[in-house]
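Undergrad: Build the full structure now, drawing on both the sequences and the hints.
Number of protein chains: 2
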Amino acid sequence: MGAKLQVGVLGFGTVGSGVIHILEEHQEKISQVTGYDIAVKKVLVRDVEKARRYETNGFTLTTEPQDVLEDPEIAVIVEVMGSITTAREYILQALRAGKHVVTANKDLIALHGDELVAVAQENKCDLFYEASVAGGIPILRTIVNSLAADKIQKVMGIVNGTTNFMLTKMTEEKKTYEEALEEAQALGFAEADPTSDVDGIDAARKMVIMTRLAFGMNVQLDDVETNGIRTINKEDIEVAYQLGYKIKLVGTAEETNGSVNVNVGPVLLPRSHPLSGVNYENNAVFVTGAAVGETMFYGPGAGELPTATSVVSDLITVAKNSKLGTNGNAFNSYRHETKHTSKEQIFSKHYLRLTMVDKTGTFLKLTQIFAEAGVGFDKILQEPVDDFTASVVIVTHATSKAQLEQATKRVEEEPEMQIFTNYLVVEG
Amino acid sequence: MGAKLQVGVLGFGTVGSGVIHILEEHQEKISQVTGYDIAVKKVLVRDVEKARRYETNGFTLTTEPQDVLEDPEIAVIVEVMGSITTAREYILQALRAGKHVVTANKDLIALHGDELVAVAQENKCDLFYEASVAGGIPILRTIVNSLAADKIQKVMGIVNGTTNFMLTKMTEEKKTYEEALEEAQALGFAEADPTSDVDGIDAARKMVIMTRLAFGMNVQLDDVETNGIRTINKEDIEVAYQLGYKIKLVGTAEETNGSVNVNVGPVLLPRSHPLSGVNYENNAVFVTGAAVGETMFYGPGAGELPTATSVVSDLITVAKNSKLGTNGNAFNSYRHETKHTSKEQIFSKHYLRLTMVDKTGTFLKLTQIFAEAGVGFDKILQEPVDDFTASVVIVTHATSKAQLEQATKRVEEEPEMQIFTNYLVVEG
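Protein chains in written order, with the UniProt record's numbering: chain E, 1 to 428; chain W, 1 to 428.
Derived from the structure by calculation, the hints contain no laboratory data. Some hints here could point you the wrong way.
[What the hints assert, rightly or not] In the PhoX-like style, the derived pairs of lysine-lysine whose C-alpha atoms are separated by at most 25 Å in a straight line are:
hint	chain 1	residue 1	chain 2	residue 2
1	E	K323	W	K323
2	W	K320	E	K320
3	W	K154	E	K29
4	W	K154	W	K323
5	E	K320	W	K124
6	E	K151	W	K41
7	W	K320	E	K124
8	E	K320	W	K323
9	E	K175	E	K234
10	E	K4	E	K323
11	W	K323	E	K124
TA: Spelled out as C-alpha cells, the structure:
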C-alpha cells in the first residue's frame, strides 16, 4: 500500500455512493495501478441523519461545505452533487486552493467548462469529467487520447438513456409516448419532470462537451439546434420501419471544410446501422475519423456503478499524475477556430410526413414547391386518411438545410398542406 | 511548431505507409497536441528501388537495419515489418540503445511481450502496441486506463476480420466456406495460406495480449484452447439461426474466483447480442466489468489507415511522455497471480449436432449418457436424414466443461452416434 491520496466527495446520491463503493471494493487493484491508497475522507451531505443509512466506513459526513473544501489534507474533490451555481462555486474554490477536481456534472461543464478549465490551468490542477458524457463509456478519454492521431469528421451519439429507453419501448413493444414515459418514470430512468430528457436538452449538453474535445471548437449550448421526442408517434415509427429505418434520438456533430454543425433530434437510422442496435437505457457514440473510419463505443449511459467507474478512472488519472508530478496539464490541448457551418453547407436526407387536401392538383403543387427549392425525392408514400385528406411521406435526396427550409416554408403557407414530421435521415 | 521527435520506421508495407501518411496529413493537430513535430527520418525497406514508388518526402530509405537502429537522432522506432525473430532482435537492440518502441506486431507481443516489457523497463523506454489488437479500435488503452477502476470479469472479442468477413458472407449470403474464403482472398482480407486466420491462431494471439492487460495474468498461447472456422457449415448456420443465434468466431477470456479461462472458437451468439451485429471485416471487443456492466468497442480491425491511427496514437503518447519526462513507465502495471480455471469450474451452454442410427432405443441411450454426466437439455431438435439416420441438435443447459467432456466421450464410444459440431453458446 502506497501513500494516501485523500478525497472529499460533494454529494452522497447514487453516483457518490457508487464512487465510495468502487474505491473500497477495488482498492487493491487501484492501489497497485496508481501507487496510492485513494481514500474518501469527508462527504458533504444535505442531512447527516438521512445519509447514515449508507455505510460510512472510514470517512466523516458533514453538512458544511467548508469542512471539505478547506481541509488541507484533501487533495482531490469529487463533485457529484449536481446543480450549476453552487457546484461551480465549490469547484472554483477547490481549484483555487490547489485541489484537483473530478466532476460528473454535464450541465456545469457544458455551461462553464471554459472558465473551469482556465482556472484549473492557472492553479496547475487536474480537472476531469469523463462521467459527464455517456456514463460508463470512456468516450472523452478515447476522443482525446486514442483518436488524437486522427481527424474526426463526425460524432453521432445516443447519449440520453431515458429517451432511448422510451423509443425502444415505443418501437419494440408499440407503446405510446405516454405509456413509455410512465414506464421510464416507474423504473427511475425518467424524472417526474422529464423536460430535460425528452426535449433533448440533456443530449445537447453532452454533444457540446464532445464537440469541444473532438473538433477543438468552443461551441455553446445555443449553437445546438435541439429537438426532442415529444412529437414522435406510432405512425412515424411504423412508416420508418417499413422504409428500413429505426427512429432514435441522436446528437450529431459534423465537420465540413473547417466548420462544425451540431444538432440533436429524432433521426431515421438504417436498421443495419450499428447505432440501430443500441436499445433501452444504453448509450453509444459512433465516431467517424478520416483515417480510422467508423468506430463505435457502447455501454450503460447512466446508473450508480457505471457512472461511478468513470469518476474513479478520473481519480486514477489524478493519482497517476500525482505520482509522476504531471498534474495540471489540460485534459484536451487541441484547439481549432470555432466556425459554424452555414445552412447552405449542411447536407442531409430528410423524412417528412404531411397531410394534404386530397383533390386534383394538390400533389402537383407539392412537387412543384420542392422542385423549385431544388429538393429531389428519394421515396414517396401516399395514402388516403379519409375521403378528403391524404397522408404523404417523403424521403428527400441529400439536400441543404437552406433548400429544405425554403420548401417547408412554402408548404406551410399552403392552407391545403400541413407538415407534421421533419426528421433527418442517416444514410447507410 | 515545437522540437523535432525523429522516428525510424522498420517496414514499408501497408501499415508503414499508413503511418507516414497520417503523420504528414495530421501534422498540425499532432504538433498542437504533443508540442512536437513528429517526423519520420529513416525507413527500413527490403528493396529501395521497389519502395520508391511510394512518396518519400523528407526521409531516407535504407536496406541496412543498423542505419536506423544506430542513428542517435532517432528517438522512436516504429516496428511494422512483421515476423518474429528479426523483429524481436531489432526491438531489443532499439530498447537497449534507449529508443522508445511502438509495434503493431501481435505475434511478437503474444510470444515475447514479457521479455520486451522487461527490457523496456530496464532502459526506461516506452513500449506500446495498441495496433497489435483490433486494428483501429483503441481497446488496449481503454482496458488499461479507462477500465482500471473496474474489476473486469469477461472479455469477448471478434478480433479476426478475415474470419468474420467469411462468416458474414456464409450467413447473410449463404455462401460456402470455400466461396467465402475465395472472396476474402480476392479482396485481400485473407492470405494465400489462410491457416493463421481460419484456425483461430491470430485471434488466440490477440486474446493472450488482452487477457494479460485485463486480468493482469501472464497467460501463454498454449493456455488458449483454440478452434477455427473450417468445420462450420451451412447446416449449423441455419439451425443456429432458427434457434435465434448467429455463429461467430469469438475469443473469450473469463475470470472465475481469481482464475482465468481463455478460448477461441465458433460460438452461438443470441441475435440480439451487440456482437451479433458486428459484420464483415469489422472487429469488436465486448467487455463486462463488475461495476460498469456491459460495454462494447467496435471498429475496423485491420487495414492500412485504421491500424496506422493506433500506431500514431502510440507515437503521440511517447511524445507526450517525452514532453513531461515520464517515459519508461510500464503501459500496464496491474499484476495478478496467473491461475487457470479447472474444467470443473468452466460453465457454459453448448450446441451439439450429431447423427445417430434411427432405431428404437438409440435416442433413449443418448439421453441416458447425458443424464449420467449431469448434463441437462435446454433444446432438442431431431430430424430424419434418411431412412436409417437421424440428425439431432442439442442445446444444453449451462454445464461444466468436465461434465460435457464426460458426455461427449461416452457418445463417441457408441458406434451408433457421431458428433459433428460442438460449439459454446453465449447466453443473452
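Undergrad: All the hints need checking, so say for each whether the structure fits it.
TA: Hints, one by one, checked against the model:
1. K323(E) <-> K323(W): Status holds; Cα separation ~16 Å.
2. K320(W) <-> K320(E): holds (14 Å)
3. K154(W) <-> K29(E): Holds. K154(W) to K29(E) sits at ~16 Å (cutoff 25 Å).
4. K154(W) <-> K323(W): Violated. K154(W) to K323(W) sits at ~36 Å, over the 25 Å cutoff.
5. K320(E) <-> K124(W): holds (17 Å)
6. K151(E) <-> K41(W): Distance of about 23 Å is within 25 Å: holds.
7. K320(W) <-> K124(E): Judged against 25 Å, a Cα distance of about 17 Å means the pair holds.
8. K320(E) <-> K323(W): Judged against 25 Å, a Cα distance of about 16 Å means the pair holds.
9. K175(E) <-> K234(E): Holds, at roughly 8 Å.
10. K4(E) <-> K323(E): With a Cα-Cα distance of about 11 Å, the restraint between K4(E) and K323(E) holds, given a limit of 25 Å.
11. K323(W) <-> K124(E): holds (16 Å)
In this structure, only the earlier hint numbered 4 is contradicted, and the remaining ones agree with it.
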